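Enquirer: Remember, the working numbering sits 70 above the position in the sequence shown when you count from 1.
No lab work stands behind these hints, which were simulated from the structure alone. Don't take each hint at face value.
What the hints assert, rightly or not - Label pairs and their calculated CB-CB ranges:
{"#": "1", "residue 1": "L99", "residue 2": "R139", "range": "23 to 33 Å"}
{"#": "2", "residue 1": "K149", "residue 2": "I124", "range": "27 to 37 Å"}
{"#": "3", "residue 1": "I104", "residue 2": "L138", "range": "20 to 30 Å"}
As the list claims (entries may be wrong) - Taking lysine to any residue and the SDA-like style, the derived pairs with C-alpha atoms no more than 25 Å apart in a straight line are:
{"#": "4", "residue 1": "K149", "residue 2": "L92"}
{"#": "5", "residue 1": "K149", "residue 2": "P75"}
{"#": "6", "residue 1": "K89", "residue 2": "I168"}
{"#": "7", "residue 1": "K149", "residue 2": "K125"}
Given the structure is predicted, the values throughout are model-derived calculations rather than measurements. Think of the CB as a built atom: it goes at the ideal place given N, C-alpha and C, for glycine as much as any other residue.
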Amino acid sequence: MNHAPQLYTLYQQLLEQSKVMLRNAREGLWDELIASEMDYVNAVHELTQLMRDIKPSTQLQEQLRPMLRTILSNESEVKRLLQARMDELAKLVGQSSIQQSVLSAYGKQGGQILAPRDNLDVTP
């Protein structure tokens with residue numbers, strides 16, 4: 071049985087899903103990225119299952135190579151964008167922790183205002 075058309079179609083679907091993921095990451099649509107990533111993982115799983123059953127011809131491999139390069143490039147860019155987002159979130163969490171520490175420290179003062187007093191005990 072010739073699985074070449076099915077294999078080619080699966081690679082096309084995987085390519086389209088990688089483009090959707092990249093678009094979501096570029097636009098900062100993180101929830102949508104997670105949803106599209108699930109579709110992508112399922113497509114990879116389906117493709118892996120099919121690849122176990124067949125050995126693509128050299129001609130088909132040559133046709134698939136540009137798609138695979140683009141898929142890998144898209145994946146790499148999505149990972150880079152995710153890392154940038156994680157760094158941004160880590161920075162925000164760090165700032166939030168510092169703010170919480172400062173608020174906690176000042177909250178322990180019980181509403182007292184700490185200001186320098188005039189030193190009335192000093193004699194001229």
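Enquirer: Taking the hints in turn, state whether each one holds.
Expert: Each hint tested on the structure:
A hinted range of 23 to 33 Å holds for the C-beta pair L99 and R139, which are about 25 Å apart. Take K149 and I124: their Cβ atoms lie about 29 Å apart, and the range 27 to 37 Å holds. Checked against the hint of 20 to 30 Å, the C-beta distance between I104 and L138 comes to roughly 24 Å, which is consistent with it. Of the supplied pair hints, the one linking K149 and L92 holds, its CA atoms being roughly 9 Å apart against a limit of 25 Å.
At most 25 Å may separate the alpha-carbon atoms for a hinted pair to count; K149 and P75 exceed this at roughly 30 Å. Between the alpha carbons of K89 and I168 the distance comes to roughly 38 Å, so the proposed pair goes past 25 Å and is violated. Among the hinted pairs, K149 with K125 is inconsistent with the structure: their alpha-carbon atoms are about 30 Å apart, more than 25 Å.
Hints 5, 6, 7 from the earlier list are contradicted by this structure; the remaining hints agree with it.
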